[in-house]
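When you get a sec, could you build the whole thing from the sequences and use the hints?
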Amino acid sequence: MEVWKGILKSLHNFFNWLSKRTTTEGLQEAFSKFGEVVQAKVVTDRTSGYSKGFGFVRYATLENAAEGIKGMDGQFLDGWVIFAEYSRPKPPPSQPQNNMGPGYGNYTGPNNRWQ
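Under the working numbering, think of the first position of the sequence shown as 51, with each following residue one higher.
I should point out that these hints are in silico values taken from the structure, not numbers from a laboratory. Heads up, some of the hints might be wrong.
As the list claims (entries may be wrong) - Each computed DSS-like pair below joins lysine-lysine, with the alpha-carbon atoms no more than 30 Å apart: (1) K91 / K70; (2) K70 / K120; (3) K140 / K120; (4) K102 / K83; (5) K70 / K83; (6) K91 / K102; (7) K70 / K102; (8) K140 / K91; (9) K102 / K140.
So, in structure tokens, the structure goes:
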């Protein structure tokens with residue numbers, strides 16, 4: 051994979067501001083104009099089934115991915131202007147923090163009788 055202006059270029063593209071009416075099939079159809087789409091996914095709400103407003107497209111080549119971003123960034127899809135960029139890796143989960151203060155949780159101060 052290439053690094054371009056500090057962004058890791060990948061085969062995965064991220065698309066934001068999708069309409070609630072946008073489907074995975076519609077996303078794949080719209081982006082297949084720019085190259086071979088290996089996978090497309092609109093992230094949906096579990097309860098309603100509607101789009102959460104973002105999705106991902108995976109292309110066969112980096113060149114196709116670049117063309118997809120160039121061709122669709124700022125364009126209309128299902129009545130909404132969408133924004134496109136390369137996907138970024140998910141950050142690692144952070145450690146949960148105990149904000150309850152002394153006497154709660156894992157507090158092991160001098161008066162902790164449970165040691």
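Going through the numbered hints above, which ones does this structure break? Give me the numbers in ascending order. The structure conflicts with no hint, since it agrees with every one listed earlier.
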